[in-house]
Every structure is written in C-alpha cells, then in structure tokens.
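Chains A and B, in that order, are what the protein sequence lines are. Once you know that position 78 of the first sequence is 77 in numbering that gives the first Met the number 0, the rest is easy, because the numbers rise by one and skip nothing. Once you know that position 113 of the second sequence is 112 in numbering that gives the first Met the number 0, the rest is easy, because the numbers rise by one and skip nothing.
Since the hints were derived computationally from the structure, they do not count as laboratory data. Some hints here could point you the wrong way.
[Claimed, not checked] Here's a subset of chain B near chain A, in silico, CB distances under 8 Å, partners left out:
#, residue
1, R90
2, L96
3, S101
4, R103
[What the hints assert, rightly or not] Chain B is faced by these chain A residues, among others (derived, beta-carbon under 7 Å):
#, residue
5, P49
6, L53
7, T194
8, N198
9, Q201
10, S204
For every residue, glycine included, the Cβ atom is placed at its ideal position computed from N, Cα and C.
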Amino acid sequence: MHLAVWGEDYCRAYLATGLAAAFAAQRVKVTLLEIGKSLPNIGYYFALAPSGYLGPVVDGRMALGGNIGRSIQYQSVGSFRKLKVPVDPFPPPRDPHLILNVFDAYSLSEDGSIPPGLAGQPDRFLRGKNVDPPAPRGLILFAGERAGTRGAKLVHSFLAFHPESPVFIALRGAAGGARPGEGGEFAAYQGERVTVPENLQQDLSRRMPPEGVFFTDLASRFLRVLGSMKKRKIFHGTG
Amino acid sequence: MEPVDGRTRTALKNGARILPPEVRDLYRRLCIQLVALSRSIKVEAAPFETRFQGPGNMYVSISPYREKFLVSVGRETPCQIRVSSREGFFRALDMSLEHYLSARSKYLHPPDRGIKF
Chain A
0 MHLAVWGEDY CRAYLATGLA AAFAAQRVKV TLLEIGKSLP NIGYYFALAP SGYLGPVVDG
60 RMALGGNIGR SIQYQSVGSF RKLKVPVDPF PPPRDPHLIL NVFDAYSLSE DGSIPPGLAG
120 QPDRFLRGKN VDPPAPRGLI LFAGERAGTR GAKLVHSFLA FHPESPVFIA LRGAAGGARP
180 GEGGEFAAYQ GERVTVPENL QQDLSRRMPP EGVFFTDLAS RFLRVLGSMK KRKIFHGTG
Chain B
0 MEPVDGRTRT ALKNGARILP PEVRDLYRRL CIQLVALSRS IKVEAAPFET RFQGPGNMYV
60 SISPYREKFL VSVGRETPCQ IRVSSREGFF RALDMSLEHY LSARSKYLHP PDRGIKF
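Bound-form chain B, shown alone (with noise of 0.2 Å):
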C-alpha cells in the first residue's frame, strides 16, 4: 500500500483533464477527502478513471471530463452523481462518505450467513 502522499498523487493525476480551474479544485479535494477516509483505501488511476477500493466492497470511481466529472458510488449498483460545482461535489462526498461507513460497518460486522442444509 502506497503512503498517503503517494496515494493523493497518485488520485490527483487525472485531474488535470478538466478545465475549469474551480471544477479542478473541486476534483482535487474530492480525492483528497476520499483518500483521508482511511490509509486502507487503495487508489488506482486507471487511463480516464480515478478508483478508490476499499475493505468490505467499498468502490467509489471518478471519471474526469473536460467540463466536469463524474462520480460513481458502489460496485454492483452505483450511483452516479455529475459535478460542476459545489452542490455537486457535496452530494457525491456525502453519498461517498455514506458508502465507505456502510461498507466498513458490514466488513467489521458480517451478516449471519444463516443454517445450510
């Protein structure tokens, strides 16, 4: 696992695709926060895709474009959340934030997985 210096680099490279200064900014932080969330996460900056993995199925990708970038919470069903601005980037680290807590309550604490016959 990378340290965290590593990890937010590594998060941040895709950034540059955007334009918007403040859209930038906006994408930066977003990984910053998502990186803090845990030194657990793991970061992957795939070609047009930022993925955060992290322990109990936690999987938040973000997809740079030029205008905007696009948020996509959760593996089987994810959400996706658009962001251009603040109100966007509020939505998509709150849902985030929601997902990582979730995903951490059910690895810390799995269901019962119930009698087979």
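Next up, chain A with everything else stripped away, as it sits in the complex (with noise of 0.2 Å):
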C-alpha cells in the first residue's frame, strides 16, 4: 500500500506513525517503508534520541531501522533505492501483513509520477515469491493545496502500474469535498474520498505515533476493501 503526501500542509512523517500503528492495533503486522529526506521523519514520532533520527540527515549513507514491538518494522532512508529486505523474516508466515510505502513529491518524477522503482518497492518486501493471489495494492493521497494537475498525474500513474485498484483521496471540507483551491482535477475523481478533519495534526510535536478516530476509521476502511478484493480477486501485479 502507498501512502503519498502532496504539499506542507500534511506532515508525511506524523500520518505515516498514525496509519501504522492503526493497522497494527487491528492485529495486522506492518512493514513501514519512509522515503523522504525532509523532517521530521518517522524516527521523531517514534521517539528515537536525537543522534538516532537524525544521524541519516547529517550523514546521507546512514539508515533508520528498526522495530516497534512485535507488530511494526521501519526503515526511513532518502531515496527508495536504499531501501534493504531485512535479513530475518517479518512477519511470521501466518500474520496478516500490510507493506505501507510512505513518499511525498520529493520521491517523484518531474512531471509527478510514480517512478517505477519506487512503484514496485512493496514487492520486495512481500514473504515468500509467487504469492497466490498476488498480493493487492492501495493508494491513499493526501493532497494539500495547489496538489492540481501534477497530484492527479500520481494517481493515473499508480493506476497504470496498477490497474483496478483503490485509490483514497484525503481532502479537508465538509463530505470529503474540496476547499477552493485544493484538489484541483481531484474535484472530479469517482473514487474513494477521505474526509480529513480541521483538528487533524494539531498535536505535530509529540513524539508518539497520533492516535484517534480518524486513523482508526481509515485503517478499516482500507482493510475492508483489500479484504473484499482478495474475495473477489479483482486485483493485479506481482507478489
């Protein structure tokens, strides 16, 4: 699953910890993958010492890795080619496990989208080859302001790698619809709207995962349609 960010208004870092530990208290094992250079990053909102989170900022060759109990395991790096399969498996065979690829413009192409390394990066984390069914996929994209045409060009992108799967557009506004000025051609789209709250991110500087309804419902929202995917097998790609 990918989680893409577009724009300042939503921090990549805080919403990535939030959605993680929201499918991890629904018993779903996550591999979080940040890719991003700009702070903070997901070693803040996990409490890391300073010299841990932000020894990759001082030294770009560094990584962040590690584990949040048993149902979490992260790598936050600059580029997705950074990216390492860690050496022991996670999870064990049996848990239900979710890969959730965190990025914002940053990670993309120039015209705004989806390069292909960083498209299929979730696959080399999936235990196991030839996965049957394959394994399916998700988008969710918070599109700040002025997210337009290039943030549209993202979600056709994704679809290309990707055809018939679900894309979630989280927009601020009453009923998941657009202020003025943000969304742009996401005005239009007939897929999955996500309403975010004004009060969304008002806590940005403790350092812990953020909690709260808004990340529970969204969690099970898109584990309800996987679930209903994987029923109906209507999904495609590589596992």
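Take the two lone chains, each set in its own frame, and fit them into one complex as the hints suggest.
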C-alpha cells in the first residue's frame, strides 16, 4: 500500500506513524517504509534519540531502521534505492501483513508520476515469491493545496501500474468536498474520498504516533476494501 | 520571500566567523535543515546573529563565535544550546524541530479564546 503526501499542508511522518499504529491495533503486522529527506521523519514520532533519528540527516549514507514491538518493522531512507530487505523474516508466516510505502512529492518524477522503482518497492518485502493470489495494492493520497494537475498525474501513474486498485483521496472540507484551490482535478475523481478533519495535526510536536478516530476509521476502511478485493480476486500485479 | 537558495545563502553568511571547519560544517548543516523545514520560514542575517522566523511565533536564532555557535530556540523564554560537536548539533536541531512543530500546530489550530464578559 502506498501513502503519498502532497504539499506542505500534511506531515508525512505524522500520517505514516498514525496509520501504521492504527493497522497494528487491528492485529495487522506492518512493514513501514518511509522515503524522504525532510524532517520530521518517522524516527521523531517513534521517540528515537536525536542522534538516532537525525543521524541520516547528517550522514546521507545512513538509514534508519528498527522494530516497534512485534507489530511494526520500519525503515526511513532518503531514496527508495537505499531500502534493504531485512535478513530476518517479518512477520511470522500466518500473520496478516501490510507493507506501507510512504513518500512525498520529493520522490516523484518531474512530471509528478511515480517512478517504476518506487511503485515496485512493496513487492520486495513480500515474504516468499509467487504469492497466490497476488497481493492487492492501494493508494492513499493526502492532497494539500495546489495538488492540482501533478497530483492527478500521481494517481494516474499508480493506476497504470495497478489497474482497478483502490485509490483514496484525502481532502479537507465537509463531506470530502474540496476547499477552493485544494485538490484541483480530484474534484472530478470518482474513487474513494476521505474527509480530513480540520483538527488533524493539532499535536504535531508530540513524540508518539498520533491516535484518534480518523486513523482508526481510515485503516478499517482500507482493510475492508482490500479484503473484498481478495475475495473477488480483482487485482493485478506481482506477488 | 526569498527563494530557497537565497534564504540558505543568507543563513550561511555568518558562518565564516567560525574557525574549526568541523564546527563550521555543523553550522552550515543546521542552517540548511532549518530553511528546509518550510518555505514560509524567513531568514535574516544580522551582524552577529542569524534569525529564522516562521508561522505561529516560531523563532530560532544562531550566534556564531570563533570556536562554537549558540542556538537560541523560542522567543519569550528561549532555550539555549552551545554547539561545538555533533552531540550539540543533534540537540539543537532536535529542539528547533520540536519548537517548529509546536508553533505550526498552534498556528493551524489556535486555542479557544474563551468567553469574554
């Protein structure tokens, strides 16, 4: 599953850790892959020591990685090429597993599309090859102001890789409607809409994954959609 | 507001005062990270101080000296960190980041003013 954040309105690491924690609370094991150079990174919200989560900021060759309990395994890197598949298998074979690939506009191609190498990252972390049926994919996009045409390009490129996969567009405003200037071409998009509450991100400085109904509901909703896809076997892609 | 490159150039001006190259490099890295936090952060290079101001009363100033630099985080009751090593750099950047995130949250979600009689 991809979590894309567009614009400065939303904090990539805040959303990533909140969503990962919400999935974990529903007994799903999460491999959290953060790709981005801007601060804060997920290490801040996992309350790592400054020398720990800021180390890669000083030394670009470093990568951040570790485990949060038994439910979340994470990496944070500046480029998707630096992601490494861990030697120790995660999670145990029978546990439901979700790979959460998080990035912002910095990782996209110049035209706003997802590079093939980035789109294919989750596949590398699937346990075992030739998974049958292949794992379903999804995209959640937090579209800030001026997401417009380039943000729509991101969605189209994702669907080119994974046709008929669910796409959730998260926008502020009543009933998921876009505020003026926000979302741009998403106003006409027929996919899933997520209404972002106005008070989201009111605790940005707090050093723990954010909690609340928004993340719980979003995780539940996404799992329901993926679950129904698996039953209907309406997905494409490699395992 | 200056473009990102212009803000960074402004921020780096005062770093030449620092003599040890490794400390000067930490000053440079800190300035770059503060500028990168947000496009809305303004940079001012006063004669002996570099100031970073952002929304929600975010304020960080850096005063370079010969062997170190002093980072002051916040405006009303500032917290000061002396930086002459990586450890000091990490503390200063960490505190600045927390201050920026707190200021940004308050800016986006101001507290209720309460009822006035």
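- Message: Given R90 of chain B as an interface hint, is its Cβ closer than 8 Å to any Cβ of chain A?
- Response: 6 Å, holds
- Interface hint for P49 of chain A, Cβ within 7 Å of any Cβ on chain B: Nearest chain B Cβ about 4 Å off; hint holds.
- Query: Once the shortest beta carbon distance from Q201 of chain A to chain B is found, is it less than 7 Å?
  - Reply: Nearest chain B Cβ about 4 Å off; hint holds.
- Item | When the least beta-carbon distance from S204 of chain A to chain B is tested against 7 Å, hint result | 4 Å, holds
- At a threshold of 8 Å, is the proposed contact between S101 of chain B and chain A supported by beta-carbon distances? Because about 4 Å separates S101 of chain B from the closest Cβ in chain A, which is inside the 8 Å limit, the hint holds.
- Message: Using the nearest Cβ pair, does T194 of chain A come within less than 7 Å of chain B?
- Response: Hint violated; T194 of chain A Cβ to chain B Cβ min 17 Å, cut 7 Å.
- Task: Let me know if the C-beta of R103 of chain B comes in closer than 8 Å to any C-beta of chain A, holds or violated.
- Result: 6 Å, holds
- Item | Restraint outcome when L96 of chain B is required to lie within 8 Å of chain A by C-beta distance | It holds, given that the least Cβ distance between L96 of chain B and chain A is near 6 Å, below 8 Å.
- Hinted contact L53 of chain A with chain B - closest CB pair below 7 Å: For L53 of chain A, the interface hint holds, since the closest Cβ of chain B sits about 5 Å away, which is under 7 Å.
- Message: Checking hints one by one. Is N198 of chain A an interface residue toward chain B, by the C-beta closer than 7 Å rule?
- Response: Since chain B brings a Cβ to about 6 Å from N198 of chain A, closer than 7 Å, the hint holds.
Violated hint: 7 only; the structure is consistent with all others.
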